[in-house]
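Student: What follows is the residue order along each chain.
Number of protein chains: 2
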Amino acid sequence: MPSKKDVIKDLRKILGEEAVEDDDLVVRMYSKDAVYFEGNAIAVVFPTSTSQVSALLSYAYRNDLRIYPQGSASEIVGSSTPAEDGIVISFNRMNKIKQYSTVDMYITAEPGVRLVEINEFLAKEGYTFPIDPASVKSATVGGAINSGAGGMMGLRYGTMKDAVLGLEVVLPDEKGTVLRLGGRTTKHRVGYDLIRLIVGSEGTLAVVTEATLKIVPLPENTVNIAAFFPSLEDLANAVVELKKRKFNLYITEFLDSYTVEKTVEALKLKIKGKGNMLIVSVDVPVEAADRTLSALKEVMVSNNASSIIEARSLKEAEEKGIFDVRRGYYPASIRIAAEGRKDPRTRPIVYVEDISVPPSKMAECVRKVRELAEKYGIEMTLGGHIGDGNLHPVLWFEEGDEEKKEKVFRFIRDLMQLAIDLGGTVSSEHGIGTTKKEGLIMELEANKSEKALDIMKEIKRIFDPKGILNPGKLW
Amino acid sequence: MPSKKDVIKDLRKILGEEAVEDDDLVVRMYSKDAVYFEGNAIAVVFPTSTSQVSALLSYAYRNDLRIYPQGSASEIVGSSTPAEDGIVISFNRMNKIKQYSTVDMYITAEPGVRLVEINEFLAKEGYTFPIDPASVKSATVGGAINSGAGGMMGLRYGTMKDAVLGLEVVLPDEKGTVLRLGGRTTKHRVGYDLIRLIVGSEGTLAVVTEATLKIVPLPENTVNIAAFFPSLEDLANAVVELKKRKFNLYITEFLDSYTVEKTVEALKLKIKGKGNMLIVSVDVPVEAADRTLSALKEVMVSNNASSIIEARSLKEAEEKGIFDVRRGYYPASIRIAAEGRKDPRTRPIVYVEDISVPPSKMAECVRKVRELAEKYGIEMTLGGHIGDGNLHPVLWFEEGDEEKKEKVFRFIRDLMQLAIDLGGTVSSEHGIGTTKKEGLIMELEANKSEKALDIMKEIKRIFDPKGILNPGKLW
Numbered sequence: 001m002p003s004k005k006d007v008i009k010d011l012r013k014i015l016g017e018e019a020v021e022d023d024d025l026v027v028r029m030y031s032k033d034a035v036y037f038e039g040n041a042i043a044v045v046f047p048t049s050t051s052q053v054s055a056l057l058s059y060a061y062r063n064d065l066r067i068y069p070q071g072s073a074s075e076i077v078g079s080s081t082p083a084e085d086g087i088v089i090s091f092n093r094m095n096k097i098k099q100y101s102t103v104d105m106y107i108t109a110e111p112g113v114r115l116v117e118i119n120e121f122l123a124k125e126g127y128t129f130p131i132d133p134a135s136v137k138s139a140t141v142g143g144a145i146n147s148g149a150g151g152m153m154g155l156r157y158g159t160m161k162d163a164v165l166g167l168e169v170v171l172p173d174e175k176g177t178v179l180r181l182g183g184r185t186t187k188h189r190v191g192y193d194l195i196r197l198i199v200g201s202e203g204t205l206a207v208v209t210e211a212t213l214k215i216v217p218l219p220e221n222t223v224n225i226a227a228f229f230p231s232l233e234d235l236a237n238a239v240v241e242l243k244k245r246k247f248n249l250y251i252t253e254f255l256d257s258y259t260v261e262k263t264v265e266a267l268k269l270k271i272k273g274k275g276n277m278l279i280v281s282v283d284v285p286v287e288a289a290d291r292t293l294s295a296l297k298e299v300m301v302s303n304n305a306s307s308i309i310e311a312r313s314l315k316e317a318e319e320k321g322i323f324d325v326r327r328g329y330y331p332a333s334i335r336i337a338a339e340g341r342k343d344p345r346t347r348p349i350v351y352v353e354d355i356s357v358p359p360s361k362m363a364e365c366v367r368k369v370r371e372l373a374e375k376y377g378i379e380m381t382l383g384g385h386i387g388d389g390n391l392h393p394v395l396w397f398e399e400g401d402e403e404k405k406e407k408v409f410r411f412i413r414d415l416m417q418l419a420i421d422l423g424g425t426v427s428s429e430h431g432i433g434t435t436k437k438e439g440l441i442m443e444l445e446a447n448k449s450e451k452a453l454d455i456m457k458e459i460k461r462i463f464d465p466k467g468i469l470n471p472g473k474l475w
Numbered sequence: 001m002p003s004k005k006d007v008i009k010d011l012r013k014i015l016g017e018e019a020v021e022d023d024d025l026v027v028r029m030y031s032k033d034a035v036y037f038e039g040n041a042i043a044v045v046f047p048t049s050t051s052q053v054s055a056l057l058s059y060a061y062r063n064d065l066r067i068y069p070q071g072s073a074s075e076i077v078g079s080s081t082p083a084e085d086g087i088v089i090s091f092n093r094m095n096k097i098k099q100y101s102t103v104d105m106y107i108t109a110e111p112g113v114r115l116v117e118i119n120e121f122l123a124k125e126g127y128t129f130p131i132d133p134a135s136v137k138s139a140t141v142g143g144a145i146n147s148g149a150g151g152m153m154g155l156r157y158g159t160m161k162d163a164v165l166g167l168e169v170v171l172p173d174e175k176g177t178v179l180r181l182g183g184r185t186t187k188h189r190v191g192y193d194l195i196r197l198i199v200g201s202e203g204t205l206a207v208v209t210e211a212t213l214k215i216v217p218l219p220e221n222t223v224n225i226a227a228f229f230p231s232l233e234d235l236a237n238a239v240v241e242l243k244k245r246k247f248n249l250y251i252t253e254f255l256d257s258y259t260v261e262k263t264v265e266a267l268k269l270k271i272k273g274k275g276n277m278l279i280v281s282v283d284v285p286v287e288a289a290d291r292t293l294s295a296l297k298e299v300m301v302s303n304n305a306s307s308i309i310e311a312r313s314l315k316e317a318e319e320k321g322i323f324d325v326r327r328g329y330y331p332a333s334i335r336i337a338a339e340g341r342k343d344p345r346t347r348p349i350v351y352v353e354d355i356s357v358p359p360s361k362m363a364e365c366v367r368k369v370r371e372l373a374e375k376y377g378i379e380m381t382l383g384g385h386i387g388d389g390n391l392h393p394v395l396w397f398e399e400g401d402e403e404k405k406e407k408v409f410r411f412i413r414d415l416m417q418l419a420i421d422l423g424g425t426v427s428s429e430h431g432i433g434t435t436k437k438e439g440l441i442m443e444l445e446a447n448k449s450e451k452a453l454d455i456m457k458e459i460k461r462i463f464d465p466k467g468i469l470n471p472g473k474l475w
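Taken in order, these protein sequences are the chains called A and B.
Every letter in the first sequence is one number past the one before it in the UniProt record's numbering, and letter 391, counting from 1, is 391.
Every letter in the second sequence is one number past the one before it in the UniProt record's numbering, and letter 76, counting from 1, is 76.
So that you can see chain A by itself, here it is in the shape it has in the complex (with noise of 0.2 Å):
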């Protein structure tokens, strides 16, 4: 490998001067992500064409140098960091949006490019792109692709999987080879899928340089409805009769009591209500908002919800705050973990867990989860998306209080355990990362499938026979 000294300056004659960054300060900026993994890259670069992706990829391999993609870094698994010395691939400046059609449901865009800038430009047209992470604002499309996210709309819409169409990446190899995957066309079948080989496969494989993206129509007006329950299982229950009587639900969000009780107080949100909360929005014309409103207030009410907030709307569903509450315990759960910080020149450090199990043992798996947080005497916000069963537990510890991570991390792994047994997954939408490796290996010994590991890195040779590609991360 060639000097730190030379790797910079063989850099900007591939890239150009200001393309490649190598003050301390901005390369620190660059090695950390939102949690507080933090890495030790020798410089940043920021290329603006695919071809300098090839040329910088080729230069790589050539070199032996290892190379970290990076969206936003608001990814909370540890994947987006660099884990050993190499460069970090900026996408901040390849952010254009190239083509799209709503005739032909698609948006082609540069990896660089925010899901809330996609989803600002399609609202012009009325169309949308489904896949919401909590991090949209930041999260970026090669980002999302890459770790495979998921969000609200899951149960209607899936996660990244099931909606890139096409996919253009360049290889970590002597060429830097660029392939263009899939197409612009929802069916597609030409040999094997590696699109959805690369989703989710945390920049590992290849790097993502151009992504072509389904989308979907707005819709044309929802009803929305919060509801408290005194009781987690009259929740679940409610849940199991939407399903029962067949609502196609667009939204299914729930928080436990002590998460609503916290985060509206942290925020001092104007809602009001207490219990466990469940949230359901089911997109239907304006004719039949009554009925539905009525039909899912019936479900709420012979299931014991204590109250219940509804809305016409989306509209007026925002102007009542039915969603503040979800929303608002990621950021209310920092908040609190920065005030109960014994000293405040330290940093809180949150954790947001991302457990799934079939919406079925939702109400047996929060009640479990906290007898797991009440046993390691650790504080705990939680909520999720009922509908498709995914489950994300907050939990928080001060930089340097070793006991207390100590504490989180072995909830953690009994957390991911939980999920096992209960006929779950140890990661649903957030991926593997550095953080839950050791859950990877539960899983696939729980399923007797430890050789899917082997397949994996296997895989991963083909792609990357060198291994110079996001080094560290998945096992």
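Copies of the same chain look alike in the list, so a pair counts if it works inside one copy or between any two.
Using 20 Å as the maximum straight-line C-alpha spacing, the simulated EDC-like pairs for lysine to aspartate or glutamate come out as follows:
| id | residue 1 | residue 2 |
| --- | --- | --- |
| 1 | 404 | 339 |
| 2 | 437 | 84 |
| 3 | 246 | 287 |
| 4 | 124 | 241 |
| 5 | 244 | 283 |
In case anyone wonders, no lab produced these hints; they're calculated from the structure.
Keeping the supplied structure of chain A fixed, place chain B upon it in accordance with the hints.
Tutor: Chain B in isolation, oriented as in the chain A frame:
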């Protein structure tokens, strides 16, 4: 490799007497598919459990025996027939629905269960599995997974790749390793997505022994319309307007005028209407049926539809025969092909082609496909899923008519080139099999992505190092 006699003896020991069939007539029956591809197996086996499949694959691996997994063999690209000698695995006896939950929205079934059985079973609960290939009555779960099947609801629900939550598969290795991948939840992010690598792999990577599929509620109501257009451009413009007006289309099918005429005639259908036919279904609650139907009619009329048939419900649509032409044009083509034979002792060979183009290119594509058929002087019917751009030209020739066969093959080559030129794909939901190998190469070359094929071949070697699983397919 042991002798045929020894193989049969060994198989009987492993699977039981009545699970192994080497009668010539039976073996030949299982060596054919729905078109006319015929292979050369030495036996057919009927396992009843995963452990039997595992023992079988282990035996096959140790004895270099080729294995051809087979569902209903209703695929039409030659992917299910034994290309060389070897053993056909029929899943006729692994045909149980094992578990399901409308709350958790999944159904788990053995590979031999037919899709129609799944849907008859789910209909009682008001749910459905929305991937509905034309062969839905015979197509099996295992076959649909391996061929990556699609159908009329592709625009809304995608294809099999969007519908499989979990898989149990057996690998063709020393031990016949059983892998359990994925699970029951929509969200699942545990390492690389091996499930979607196997979906659409045409039985070349692993043998599916169980699948968990994502199910959805049946719509409460659909409104349906069939409109006839003198001009193809007008029909296409109507579709453009539907998308612009943000209809959330449930089904969007079409047939060109020649096909409508020939199908109505061949099947003696009652439906009245001449010209290019567009069929649209939108799922809306009853309260919004009138407004939706009016809006749909408005779009049709303003784009010069000459006649319109409308139905306020699916039942009414069936009574009025709205879908009969669409469903009938393949059987009608078979009848036309049979009746047009010069020698009644020969078989009519009917090909269903399967390209996609972006829907905005559909009118141009159909016009050019008609020109191609004229150029080669071959008869052709055609229709397709205009909502997602998937076009199915149907062509035929008489067995033994080498000149016509050659013309059909040259037509197909030009058709695939046309799809590529219009930004589409050579295969949408049927796959590559033995008939589209050239198309696979053409498309990869057009995208300058030949290396994708090398990657696919290396992936094949990981799963199937001896190349014993469905050899001769894909490349």
